[in-house]
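Heads up: the protein sequence lines correspond to chains A and B, in order.
All letters in the first sequence, in the order written, are residues 444 to 557 by my numbering.
All letters in the second sequence, in the order written, are residues 46 to 156 by my numbering.
Calculated directly from the structure, the hints in this document are not laboratory data.
Misleading hints may appear alongside valid ones.
To be verified - Sample of chain A residues with no beta-carbon within 10 Å of chain B, all distances over it, derived:
1. E463
2. L499
3. F506
4. S513
What the hints assert, rightly or not - In silico SDA-like cross-links for lysine to any residue, where the CA-CA straight-line distance does not exceed 25 Å:
5. K102(B) with A549(A)
6. K56(B) with R465(A)
7. K504(A) with N143(B)
8. K504(A) with F146(B)
9. K56(B) with P450(A)
10. K102(B) with Q125(B)
11. K102(B) with Y470(A)
12. K102(B) with G486(A)
13. K492(A) with R465(A)
14. K116(B) with S103(B)
15. K492(A) with P450(A)
16. K59(B) with P149(B)
17. K56(B) with S118(B)
18. K504(A) with S50(B)
19. K504(A) with K116(B)
20. K102(B) with K504(A)
21. K59(B) with Q86(B)
22. K492(A) with Q125(B)
23. K504(A) with K56(B)
24. K492(A) with E101(B)
25. K116(B) with N96(B)
Note that beta-carbon positions come from the ideal geometry of N, C-alpha and C, so glycine has one too.
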Amino acid sequence: AQSVTQPDIHITVSEGASLELRCNYSYGATPYLFWYVQSPGQGLQLLLKYFSGDTLVQGIKGFEAEFKRSQSSFNLRKPSVHWSDAAEYFCAVGAITGGFKTIFGAGTRLFVKA
Amino acid sequence: DTGVSQDPRHKITKRGQNVTFRCDPISEHNRLYWYRQTLGQGPEFLTYFQNEAQLEKSRLLSDRFSAERPKGSFSTLEIQRTEQGDSAMYLCASSLTNEQFFGPGTRLTVL
């Protein structure tokens, strides 16, 4: 069965510091991978996606993620965090069967300290 | 605005009452999905439609839940005899390819 694990429930980083959010997935075929961000009271916003090709993908707001098939990972990174990045981040895998329904991880809440 | 819209944004109801939520997808999208998100968790898949056909339902979708998409456009999700455990954010998404676009959600509180 497909699953997504985000091992860190919450992370605190200083503004201006680098960020890496971890994500591991379980899926029987080549996955479609996503990172979403959700601010309090807001809907899910897509940060970036990986379908195929270059394993380093660039997204919005200066985020990037790297797909590593050997490690079943899709970690999200940002070189310099801004206070406005404080939010909940969800890694997700899209299942090719089932109409591309999306399986989400439990999320990592990012806190940014001044 | 051509994004996914959901109505209402908030719903407070008493246990045992029925509630209905509406989702309007992006107009050219043929797939529509419903998810449920509880506090501190990621969204969980409930069901999806391709055009008007409901093609998959999660085990999470008990008999009290029913979803429709009668003309392949908007969709409704009804919960009968609500329970406190139904309190959650109900998210709708639509897609044409393998990327889903999410609406703002309907937050349900069952007292």
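For a C-alpha distance cap of 25 Å, please report whether K504(A) and N143(B) respect it. Holds, at roughly 22 Å.
Verify the proposed pairing of K102(B) with Y470(A), using a straight-line Cα cut of 25 Å. Given pair K102(B), Y470(A) holds - Cα atoms ~20 Å apart, limit 25 Å.
Verify that the Cβ of L499(A) lies farther than 10 Å from every Cβ atom of chain B, and report whether the claim holds or is violated. 19 Å, holds
Restraint check for K56(B) with P450(A), where alpha carbons must lie at most 25 Å apart: 33 Å, violated
Assess, step by step, whether the Cα of K102(B) is no farther than 25 Å from the Cα of K504(A), and give holds or violated. 35 Å, violated
Tell me if the straight-line CA distance from K492(A) to R465(A) falls inside 25 Å. With Cα atoms ~15 Å apart, K492(A) and R465(A) stay inside 25 Å; holds.
Would you mind confirming whether the straight-line C-alpha gap from K492(A) to Q125(B) stays at or under 25 Å? Violated: K492(A) and Q125(B) sit about 36 Å apart, past 25 Å.
Chain B versus S513(A) - minimum CB to CB distance exceeding 10 Å, so not interface: 23 Å, holds
Distance restraint between K492(A) and P450(A), which requires alpha-carbon spacing of 25 Å or less: 20 Å, holds
Since E463(A) was said not to touch the interface, does its Cβ keep a gap of more than 10 Å from each Cβ of chain B? 19 Å, holds
If we take the beta carbon of F506(A), is the closest beta carbon in chain B still more than 10 Å away? Correct as stated: the minimum Cβ-Cβ distance to chain B is 16 Å, above 10 Å.
For K102(B) and G486(A), compute the direct alpha-carbon distance and say whether it is at most 25 Å. 23 Å, holds
Of the numbered hints stated above, those contradicted by the structure are hints 6, 9, 19, 20, 22 and 23, listed in ascending order.
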